[in-house]
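So you can see what is in the structure, the chains are spelled out below.
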Amino acid sequence: MGTYEDLAFGAAFAAYTAAILLNVWDLAAKRQALSRFANYITAIGWLFNTLALIFRSVTAGRIPLANGYEFLVAFVWGIVLFYLWMQYKYRLRAAGLFVLPVAWVLLAYVAVEMPADQKLITPLMPALKSNWLSVHVATAILSYGALAVSFALAVMYLIKERYTKNQATTSVLFQKLPGMEVLDESCYRFITVGFFLLSMVIISGAIWAEQAWGAYWSWDPKETWSLITWLIYGACLHVRQTYGWRGRRSSVIAVIGFAAVLFTFFGVNYWLVGLHSYA
Amino acid sequence: MSGDKSCLTKFRSMKTGLVLVLVIILASIAGTIIPQHGMHGSAGRWYSLLQLDDVFHSWWYVALLILAALNLMACSFYRLKTIVRRGEGPQPLLESGHVAQLKEQAALVIAGNCAETGERIVKLLVSRGYETWSDRPEPGKWRIGAEHGRLHVWGSVITHFSFLVIMLGVLAGALFGFQGSINAPVGAVFGLDNIPGTGAAPGTEGFELRVEDFRIERYADSTPAGYFSRVSIIEDGYVQQAATIGVNNPLNYHGVKFYQASYGEAIEVIIGGPDGKIISSGLILPGQRFAIPGTEYSVAANLPASAAGPGSAPETASSGRQLAYAVFQGGQHVSMGETGLAMPISIGEEGNTVKFVQTLPYTGLLVKKDPGVPLIWLGSFFLLVGMGTSFFLRPHRLWLVLQQEGTWIEVAIGGATGKNQLALAESIKTISCEIKRVEVTAPRELADKEVLLNGNI
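Going down the list, the protein sequences come from chains A and B.
Letter by letter, the first sequence follows residues 1 to 279 in the numbering used here.
Letter by letter, the second sequence follows residues 1 to 457 in the numbering used here.
In short, the hints are calculated from the structure, not lab data.
As the structure is a prediction and not an experimental result, all values here were calculated from the model.
All clues stand as given, with none of them false.
Only pairs whose alpha carbons sit at most 27 Å apart, straight line, appear in this in silico DSS-like list of lysine-lysine: (1) K123/B x K103/B; (2) K89/A x K429/B; (3) K123/B x K436/B; (4) K222/A x K257/B; (5) K176/A x K103/B; (6) K165/A x K103/B; (7) K141/B x K103/B; (8) K419/B x K429/B; (9) K103/B x K429/B; (10) K89/A x K436/B; (11) K141/B x K429/B; (12) K89/A x K103/B; (13) K429/B x K176/A; (14) K419/B x K89/A; (15) K129/A x K257/B.
Chain B is faced by these chain A residues, among others (derived, beta-carbon under 7 Å): (16) K129; (17) F196; (18) Y216.
A virtual CB, placed ideally from N, CA and C, is assigned to each residue, including glycine.
The following block holds chain A by itself, in its conformation from the complex (with noise of 0.2 Å):
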């Protein structure tokens, strides 16, 4: 099964590489086929790592989010569904080539640069040993894949807002991004979905922490920077609301949320020590 594994990864890889290059090209294109065909290619990479996450729990014998390197993988399929689901929703020309690419590098790090020995199945530990993993972990996901792709979408934002400011409105890449109003809200609609869901995780795991540790919030690392980053998206929905910040500044917080979230799944693990260093 983990051959399987390993060639579902590699044709998700391969799919998502392949669907990067069609969004590269279709900047040249003047029709929306080559396009659509790159989302098509994009859903079947999408399936393609289902079924890498299928694989891995048929062999673990459990639900592959236990590890750094199974959440890695479904923090990519997280990204990938919500880039789907924008598409499908708003039909963002060129989006994909700012979403694609960060679950690309995501991807490519688990490929490239992961040691062998943390993407091997281990048997979960006691802490782990709970209902509340499943909900915990697939909250953090699609979450985490929301608040990828508006930060995709702030990017895009930022670009489209330079070039016009430079007027440099025969660019294609210029010509090729939506609207800087559609960027805006569609940003926005993103960090609602992304912060909904973050609350979830942030409660899921304060009850799960309250049944394994004994509290429900112990200023660990990981807490804390989860904390961080709620706070960021929190006060950006509430400039946002209140004083009107839109354009320009919201999609510079959006940014910097997007910054918060890496950093607390990856800053926390690597440099920063605490309980929950599984992932």
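Assemble chain B onto chain A, guided by the hints.
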């Protein structure tokens, strides 16, 4: 303007709240970077004044949290009346000229009679979850107003007051809760009054716990699969309940929770007097000293971790295990050595002997009572309900004007929202499509007029 604002007005403003949040973010980042809990070297005066080795429980961090909580409450109370007013009843109906000026709008031309079509459109809107109101200012003209997701204004109220519930939970835990921990060897019987930190006076809590057994379950590759303490609760001299405490599976007895926190091996020790009689016996846990009665000596002992971890059965001399011991005189370390189990060593000039008889597994239990926890979960639930209401109801208003032109009706649809422009555009598109699907749409020449109307922004 800002000069004559009172302190209270400034304090309850959202600006103050956001500044507090920013400061809390920065302080929290500092708290995760500065090593916490005594891992630093020599502490400077500022370091200890600001309690930088325990940022999250320092006076200033707690003060920040309290200030932010007060600001949140004041700010929410103040905004409550604006929010409630915003959620009130029907808005004035608009003329088609106004509707065409709205940011999101569409125009279509359909066949039919204004009165019947108007009724059908109202029905359609109601079936899609709109509240509607309408009037007919003149024959052949129908104005409709519709509102979607009006309840969303309560989302913000519920969200912000859920924090009040959560804070009450934290407060209840701090005021009426306790926390302690105990390392209890197999066979030990203890009550809450034996546990430091629980604040229970001797004999106050009427139940005791007896540790029947401690075991570690392992996977095939010998990594631990679970730690389990089997305990009995004894009250009024009878065993009231038998339970197994495991990781993720605490025991809850009348609101006091027992968590599996750690484990280890204790050493049973027997002290012999100069005449060979036993004068004292007991258990030594790691880091503890055992006093020799009648002298100023005490001993400590340390077992190297056994490869298999503590077994469920006591280990005796036959296992051949060595242990390290240290002797203290009046608090000063005087000597140390290695010995086997059940080998007597003599201590001091009076001829006392110390014998480390056997090892016993002990279980480390965290004992906790927190009456605030249900409030925390209740508050969390409200938080999610409030956020869901606030984010996902897609609040918006629509205005429609139907104008009879011969056998055709010109329909103008427009909408406004403070929150979700994309969803509004989608809704207008969907409603237009629905109307077109149900009604007979205009033939070619009128469809051109429709294009004209749509283009006429």
